[in-house]
Amino acid sequence: MPTTLTDTPSGAESLILDLHGKYLEEARPPEPFKGLNLASVRRFETLKFPHPKHDLFSFVNAKELAWTRFQLQRDSRIGKDIVRDHVYPGCEKSVLVVADGTFRPDLSDRSALPSQVKVSSLREAVADPAIARYLAETIESENDVFAAINGAFFSDGLYLEVEPAALVEAPALILYISSGSASHPTMTVPRVLAKVGRHSEVKIVVKYAGAGGNYFVNSTQDFILEENSKVLYTHIQADPFESWSFAKDRVHLNRYSRFHGVNVYSGCKLARRHHEVHLEDSGAELKLDGVSVLTGREQAHNLVRVHHEAPQCASAQHFKNIVNESSRSSFDGSVIVNKGAQLTNSDQLINNLMLSDDAHADSKPNLMIYADDVKCTHGSTVGQLDEEQLFYLNSRGLSQGMAKSLLTRSFAESILGEIQVPAVASDLRGILSKKLEADHA
Amino acid sequence: MLEIKDLHAGFEGTEIVKGISLTVNKGEIHAIMGPNGSGKSTLSKILAGHPSYEAMGGTVTFMGKDLLELSPDQRALEGIFLGFQYPVEVPGVNNAEFLRMAYNAKMARQGKEELDPLDFDDILDEKMKLVGMDPKYKDRSLNEGFSGGEKKKNEILQMAVLQPKLAILDETDSGLDIDALRVVANGVNKLVNQDNAIILITHYQRLLEYVKPHYVHVLSKGKIVKSGDKSLALDLEAQGYDWLTPIPK
Numbered sequence: 001m002p003t004t005l006t007d008t009p010s011g012a013e014s015l016i017l018d019l020h021g022k023y024l025e026e027a028r029p030p031e032p033f034k035g036l037n038l039a040s041v042r043r044f045e046t047l048k049f050p051h052p053k054h055d056l057f058s059f060v061n062a063k064e065l066a067w068t069r070f071q072l073q074r075d076s077r078i079g080k081d082i083v084r085d086h087v088y089p090g091c092e093k094s095v096l097v098v099a100d101g102t103f104r105p106d107l108s109d110r111s112a113l114p115s116q117v118k119v120s121s122l123r124e125a126v127a128d129p130a131i132a133r134y135l136a137e138t139i140e141s142e143n144d145v146f147a148a149i150n151g152a153f154f155s156d157g158l159y160l161e162v163e164p165a166a167l168v169e170a171p172a173l174i175l176y177i178s179s180g181s182a183s184h185p186t187m188t189v190p191r192v193l194a195k196v197g198r199h200s201e202v203k204i205v206v207k208y209a210g211a212g213g214n215y216f217v218n219s220t221q222d223f224i225l226e227e228n229s230k231v232l233y234t235h236i237q238a239d240p241f242e243s244w245s246f247a248k249d250r251v252h253l254n255r256y257s258r259f260h261g262v263n264v265y266s267g268c269k270l271a272r273r274h275h276e277v278h279l280e281d282s283g284a285e286l287k288l289d290g291v292s293v294l295t296g297r298e299q300a301h302n303l304v305r306v307h308h309e310a311p312q313c314a315s316a317q318h319f320k321n322i323v324n325e326s327s328r329s330s331f332d333g334s335v336i337v338n339k340g341a342q343l344t345n346s347d348q349l350i351n352n353l354m355l356s357d358d359a360h361a362d363s364k365p366n367l368m369i370y371a372d373d374v375k376c377t378h379g380s381t382v383g384q385l386d387e388e389q390l391f392y393l394n395s396r397g398l399s400q401g402m403a404k405s406l407l408t409r410s411f412a413e414s415i416l417g418e419i420q421v422p423a424v425a426s427d428l429r430g431i432l433s434k435k436l437e438a439d440h441a
Numbered sequence: 001m002l003e004i005k006d007l008h009a010g011f012e013g014t015e016i017v018k019g020i021s022l023t024v025n026k027g028e029i030h031a032i033m034g035p036n037g038s039g040k041s042t043l044s045k046i047l048a049g050h051p052s053y054e055a056m057g058g059t060v061t062f063m064g065k066d067l068l069e070l071s072p073d074q075r076a077l078e079g080i081f082l083g084f085q086y087p088v089e090v091p092g093v094n095n096a097e098f099l100r101m102a103y104n105a106k107m108a109r110q111g112k113e114e115l116d117p118l119d120f121d122d123i124l125d126e127k128m129k130l131v132g133m134d135p136k137y138k139d140r141s142l143n144e145g146f147s148g149g150e151k152k153k154n155e156i157l158q159m160a161v162l163q164p165k166l167a168i169l170d171e172t173d174s175g176l177d178i179d180a181l182r183v184v185a186n187g188v189n190k191l192v193n194q195d196n197a198i199i200l201i202t203h204y205q206r207l208l209e210y211v212k213p214h215y216v217h218v219l220s221k222g223k224i225v226k227s228g229d230k231s232l233a234l235d236l237e238a239q240g241y242d243w244l245t246p247i248p249k
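So the sequences go chain by chain: A and B. Per our numbering, the very first residue in the first sequence carries number 1; after that it's consecutive. Per our numbering, the very first residue in the second sequence carries number 1; after that it's consecutive.
Think of the hints as simulated: they come from the structure by calculation, not from any bench. Mixed in with the good hints, there may be bad ones.
[As the list claims (entries may be wrong)] Below 30 Å or equal to it, Euclidean Cα-Cα: the simulated DSS-like pairs (lysine-lysine) are:
| hint | chain 1 | residue 1 | chain 2 | residue 2 |
| --- | --- | --- | --- | --- |
| 1 | B | Lys226 | A | Lys404 |
| 2 | B | Lys65 | A | Lys404 |
| 3 | A | Lys434 | B | Lys138 |
| 4 | A | Lys435 | B | Lys190 |
| 5 | B | Lys138 | A | Lys435 |
| 6 | B | Lys112 | A | Lys434 |
| 7 | A | Lys404 | B | Lys221 |
| 8 | B | Lys151 | A | Lys404 |
| 9 | B | Lys112 | A | Lys287 |
| 10 | A | Lys404 | B | Lys18 |
| 11 | B | Lys65 | A | Lys435 |
[As the list claims (entries may be wrong)] Partial chain A-side listing against chain B, Cβ under 10 Å, derived:
| hint | residue |
| --- | --- |
| 12 | Ser14 |
| 13 | Leu17 |
| 14 | Asp18 |
| 15 | Gly397 |
| 16 | Leu398 |
| 17 | Ala403 |
| 18 | Arg409 |
[Unchecked claim] Computed far set for chain B versus chain A, every beta-carbon distance over 12 Å:
| hint | residue |
| --- | --- |
| 19 | Gly49 |
| 20 | Ser71 |
| 21 | Arg109 |
| 22 | Leu191 |
| 23 | Asn193 |
For every residue, glycine included, the Cβ atom is placed at its ideal position computed from N, Cα and C.
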């Protein structure tokens, strides 16, 4: 690593290219993965690491990450114990474990998932030409350099398919666990592809956690929703502080399909989520919510691009950030209403709660409208805890610390309350409370 | 119980309360009346410890302790309760959970066992019946979207749960229709006993038809200009506040 860093990480690409050469030699990915990896590394070379003014990275400084010399995780240390620690009550028999980027049937238990839910590795799934084609098209059109890095190194992943007209009761928990390494930083590239058939409904919970730190989990997740299907999605970022946690979620919504995502961030050294959503046919609905609770030097960044591509679709986003101490959050969201997407309904709201003078929250809500009969709103607020509310609670005997913690939790509650899996919501409430209490003690 | 001596207090450097002295004993109900801007609300806020208000002179002793030295939560735990003129809406904080936290803070202070939600629920049901409140308000966010009357009832409910030694009810009657007023007054009457005391702060006499004070004080321009029994309230109702001028020192 050079001792002085220039403002742009130009040149840092060579670290990834070196690693890629080694990867091809050692891992010898089979086709079609090798072809996809090569196509993706070419995308990477074109896209390059972001310069500070890059419009997908307005508030994210990826310089340190770009200059870190990663190794690929070879020896996974993930066992049943750590899996057990992270499984939510009610998900014990519907848990799919992706350990260091690889789907591990031996650590998973899918016995509560009905037979209409097909689970396999991506290696098996690519035998279907449609899936191989989807992956190739996605890689060719990738605009996010970190997702391109994922594409350059992946040679497996998890494939989930829900057959048409299936009502899946048990929430499918996808657990990403990274081993980390004390000796050198490691990178893993999990990839999940989920296809939900017509008239089906499924709850998917995704959790990112780590055994140790010092890792870069760089995942992509694609959701394809067919006509009139519904996905209730909860995404939990709970990596240890000494990690980089990046994800790109891509959602394709067909006619009358609905996707409701709740994204919860605990923050880490650098957490970033890129949500790319395409409302492709009329009547599709997106609801995307998020809450981050950050302390210390934690960071969590959201980039949202919602593409309204058909008439009569609706999208609503509500993100809340609680930033304390020297933490940092950002929200950069654009809603793009394409020509012809008439009668679009779109709302976007970001609320930031600042608990200290050193904390930092950036918001950039944005609308790009190319149709003339639409209803779109966007807004952003920044504030502190309300003095009158604090006094009210104090006047009933609650200490300043208790009152602050209660009000901060209540700020997060409107998002946590949207989570459709009660055990997950109550676990998250507990984690957030602990985080807030540690601070206000 | 409460002894206020020559209290001067105000808001952002402006003196609003200009020398009030008042003694409240156990078992007494005091009404403080006065026109708008006379300092009624400032007095209630300074007693409860609102951070935006400051004492500029004088002393306040409550149960032998210097009240002005205590933080708002300590005052509450000592037994002071302020019924707000405008109860604050706190979205996302569950009404029942909040009440239990407040109740348990008091229990912890008294070295008693804290209650779990189930046990507390029994107490809450009983108190809600007492103040005529629909149980559905347990699961709502604290005061959020409550009507004016329900907000005031919720204040009396909190008072019933916390059982303060001294309750200061700041314009609890304002904005209530006659039915709500009766319910609120009824709740207050059921909570009064020989061991506690109440200060009713009000602009109108009509609350005093339902809650009978032992003493009535008239506040004007930051001073108590007249004290008497409940007949004073009737005079005020008949003649308004204009006939009262501050007593020269």
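Do the hints match the structure? See the list:
no., hint, verdict
1, Lys226(B) x Lys404(A), "42 Å, violated"
2, Lys65(B) x Lys404(A), "27 Å, holds"
3, Lys434(A) x Lys138(B), "25 Å, holds"
4, Lys435(A) x Lys190(B), "42 Å, violated"
5, Lys138(B) x Lys435(A), "27 Å, holds"
6, Lys112(B) x Lys434(A), "25 Å, holds"
7, Lys404(A) x Lys221(B), "36 Å, violated"
8, Lys151(B) x Lys404(A), "22 Å, holds"
9, Lys112(B) x Lys287(A), "46 Å, violated"
10, Lys404(A) x Lys18(B), "34 Å, violated"
11, Lys65(B) x Lys435(A), "36 Å, violated"
12, Ser14, "50 Å, violated"
13, Leu17, "49 Å, violated"
14, Asp18, "50 Å, violated"
15, Gly397, "4 Å, holds"
16, Leu398, "6 Å, holds"
17, Ala403, "8 Å, holds"
18, Arg409, "7 Å, holds"
19, Gly49, "7 Å, violated"
20, Ser71, "7 Å, violated"
21, Arg109, "8 Å, violated"
22, Leu191, "16 Å, holds"
23, Asn193, "20 Å, holds"
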